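Protein sequence lines correspond, in order, to chains W and P.
Quick note, the working numbering runs 727 ahead of the 1-based positions in the first sequence.
Quick note, the working numbering runs 21 ahead of the 1-based positions in the second sequence.
Because the hints were derived from the structure by calculation, they are not lab data.
Careful: at least some of the hints might be erroneous.
Partner residues are not named here, just some residues of chain P that face chain W (Cβ under 10 Å, in silico) [said to hold, decoys possible]:
id : residue
1  : M66
2  : F112
3  : C113
Calculated Cβ distances over 12 Å to all of chain P for the following chain W residues [as the list claims (entries may be wrong)]:
id : residue
4  : T734
5  : R749
6  : S754
7  : D783
8  : S800
9  : G812
10 : G832
Nothing here was measured: the structure is a model prediction, and the numbers come from that model.
Note that beta-carbon positions come from the ideal geometry of N, C-alpha and C, so glycine has one too.
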Amino acid sequence: GAGVSQTPSNKVTEKGKYVELRCDPISGHTALYWYRQSLGQGPEFLIYFQGTGAADDSGLPNDRFFAVRPEGSVSTLKIQRTERGDSAVYLCASSSTGTDTQYFGPGTRLTVL
Amino acid sequence: AQKITQTQPGMFVQEKEAVTLDCTYDTSDPSYGLFWYKQPSSGEMIFLIYQGSYDQQNATEGRYSLNFQKARKSANLVISASQLGDSAMYFCAMREGLTGGGNKLTFGTGTQLKVEL
Numbered sequence: 728g729a730g731v732s733q734t735p736s737n738k739v740t741e742k743g744k745y746v747e748l749r750c751d752p753i754s755g756h757t758a759l760y761w762y763r764q765s766l767g768q769g770p771e772f773l774i775y776f777q778g779t780g781a782a783d784d785s786g787l788p789n790d791r792f793f794a795v796r797p798e799g800s801v802s803t804l805k806i807q808r809t810e811r812g813d814s815a816v817y818l819c820a821s822s823s824t825g826t827d828t829q830y831f832g833p834g835t836r837l838t839v840l
Numbered sequence: 022a023q024k025i026t027q028t029q030p031g032m033f034v035q036e037k038e039a040v041t042l043d044c045t046y047d048t049s050d051p052s053y054g055l056f057w058y059k060q061p062s063s064g065e066m067i068f069l070i071y072q073g074s075y076d077q078q079n080a081t082e083g084r085y086s087l088n089f090q091k092a093r094k095s096a097n098l099v100i101s102a103s104q105l106g107d108s109a110m111y112f113c114a115m116r117e118g119l120t121g122g123g124n125k126l127t128f129g130t131g132t133q134l135k136v137e138l
């Protein structure tokens with residue numbers, strides 16, 4: 728079956744611009760997670776959705792970052808007024824109800840010039 | 022304090038040999054889970070193995086086994102019969118709280134494994 732997909736695979740933008748990153752989880756997975764991975768580091772948690780609602784957004788670094796999951800499936804991570812420090816790989820993961828194992832997508836590499 | 026510590030930035034192993042990748046963790050929650058993921062140069066995180074804090078036996082998945090020593094708070098990954106395709110970055114991660122609670126994973130900094138002929 729299809730795994731987690733993320734688009735685009737690469738995004739280059741200029742400082743101050745707005746970007747949207749999309750995640751399509753494994754079909755039927757109710758939980759969806761966003762992580763950010765900087766070079767040479769492990770992924771860091773950003774936000775977790777259970778269904779349509781954000782159950783934990785404690786990892787969002789500031790109010791420039793926002794994520795939605797309006798129909799409980801696809802999610803979009805939105806970054807306003809991008810900064811060079813936002814450059815990283817943004818990973819999405821999903822898991823099914825009652826389990827812990829998170830399955831990751833290939834990531835979106837964001838570069839802010 | 023770091024919740025997940027991986028002290029080996031890089032490891033080398035000969036093909037067909039076994040290798041142990043170290044991971045120690047820190048939590049006061051009695052319910053937690055420990056995971057290992059593999060990240061090849063392509064970038065995708067691949068789930069390898071899971072150990073729950075209440076599991077009595079060490080987890081095994083094919084050539085992967087997890088050496089879980091609860092009192093020492095360690096969860097080392099053992100890869101047997103290494104293959105060239107095992108060359109990748111390996112991350113240890115922890116979930117705190119009950120199973121299925123949807124809790125986030127906290128990752129270590131990873132160990133880069135290189136398998137040599």
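Hints and how they fare:
Given the 10 Å rule on beta carbons, the hint for M66(P) holds: about 4 Å separates it from the nearest Cβ of chain W. Taking 10 Å as the C-beta contact cut-off toward chain W, the hint placing F112(P) at the interface holds, the least distance being around 5 Å. The interface hint given for C113(P) holds, since its Cβ lies 9 Å from the closest Cβ of chain W, which is under the 10 Å cut-off. At the 12 Å boundary, the C-beta of T734(W) stays outside the reach of chain P, the nearest C-beta of that chain being 14 Å off.
R749(W), annotated as away from the interface, keeps every beta carbon of chain P farther than 12 Å; the closest lies near 16 Å. With a minimum CB-CB distance of about 17 Å to chain P, S754(W) clears the 12 Å threshold, and the non-interface call stands. Not every C-beta of chain P lies more than 12 Å from that of D783(W), the closest at about 6 Å, which undercuts listing it as non-interface. For S800(W), the requirement that its beta carbon stay farther than 12 Å from each beta carbon of chain P is met, with the minimum near 16 Å.
G812(W), annotated as away from the interface, keeps every beta carbon of chain P farther than 12 Å; the closest lies near 19 Å. Against chain P, the non-interface label of G832(W) is violated: not every CB pair exceeds 12 Å, the least being about 7 Å.
Hints 7, 10, counting from the list given before, are not met by this structure.
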